[in-house]
Amino acid sequence: MTEISKKEDEFHEEKKADKNTNMNLTDVKVKPTPLLWLVPIFMGLLGGILMYIAVKDEDQKKANAAILVGFLSTIALIFLYVIIFSALAMMNLRMMNF
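In the working numbering, the protein residues as written are 84 to 181.
If you are wondering where the hints come from, they were derived from the structure by calculation, not from laboratory data.
Be aware that one or more of the hints could be misleading.
Unchecked claim - Distance condition first, Cα-Cα at most 27 Å in a straight line; then the derived DSSO-like pairs of lysine-lysine:
id, residue 1, residue 2
1, Lys114, Lys144
2, Lys139, Lys114
3, Lys114, Lys145
Said to hold, decoys possible - If you anchor each label on the Cβ, the simulated ranges turn out as follows:
id, residue 1, residue 2, range
4, Leu163, Ile136, 25 to 31 Å
5, Glu141, Phe168, 48 to 54 Å
6, Leu160, Pro115, 32 to 38 Å
7, Ile166, Pro117, 28 to 34 Å
8, Leu119, Met178, 42 to 48 Å
9, Asp142, Ile167, 33 to 39 Å
10, Leu163, Pro115, 35 to 41 Å
11, Ile166, Lys144, 29 to 35 Å
12, Lys144, Ala172, 39 to 45 Å
13, Lys114, Leu160, 25 to 31 Å
14, Ala159, Ala137, 33 to 39 Å
15, Asp140, Met178, 14 to 20 Å
Idealized CB from N, CA, C, for every residue including glycine.
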């Protein structure tokens, strides 16, 4: 009889545990990982805005820094494109003078 009552107690404890595990996805908080910084670096300002939206509730300083990193990476990419295209244009002009 004691063995049956132990099993009943275990059954009731499992039922209580099942009731506590029913959570919505909105209840789960996930901390942002350092890999999230790759988004504004490679996607520029758009990636910075996306990271801001993802992180603003967890860490406001990190969210603001994400927009800054996105803006700076966009400026760096524009500068890089200007250098590459001007170098190609100079090479093209030198070949035409030959």
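Status of the hints after comparison with the structure:
As the CA atoms of Lys114 and Lys144 are separated by approximately 14 Å, the hinted pair is consistent with the 27 Å bound. Simply put, Lys139 and Lys114 have alpha-carbon atoms about 11 Å apart, close enough for the 27 Å limit, and the pair holds. With a C-alpha separation of about 12 Å, the suggested pair Lys114 and Lys145 falls inside the 27 Å cut-off, and the hint holds. In this structure, Leu163 and Ile136 meet the distance hint of 25 to 31 Å, their C-beta atoms being roughly 27 Å apart.
Checked against the hint of 48 to 54 Å, the C-beta distance between Glu141 and Phe168 comes to roughly 40 Å, which is inconsistent with it. Under the hint 32 to 38 Å, the C-beta atoms of Leu160 and Pro115, about 23 Å apart, miss the expected range. A hinted range of 28 to 34 Å for the beta carbons of Ile166 and Pro117 is consistent with their spacing of about 30 Å. The hinted window of 42 to 48 Å between Leu119 and Met178 holds, with their beta carbons roughly 45 Å apart.
For Asp142 and Ile167, the Cβ-Cβ distance of about 36 Å falls inside the hinted range of 33 to 39 Å, so the restraint holds. A beta carbon spacing of about 27 Å between Leu163 and Pro115 contradicts the range 35 to 41 Å that was offered as a hint. Range check, Ile166 to Lys144: about 33 Å between beta-carbon atoms, so the 29 to 35 Å window is met. A C-beta distance of roughly 42 Å is found between Lys144 and Ala172, which places it inside the suggested range of 39 to 45 Å.
A C-beta distance of roughly 29 Å is found between Lys114 and Leu160, which places it inside the suggested range of 25 to 31 Å. Roughly 22 Å separates the CB atoms of Ala159 and Ala137, a value that falls outside the hinted 33 to 39 Å. Hint check: Asp140 to Met178, Cβ distance near 56 Å, so the stated range 14 to 20 Å is violated.
The structure fails to meet hints 5, 6, 10, 14, 15 from the earlier list, while all remaining hints are met.
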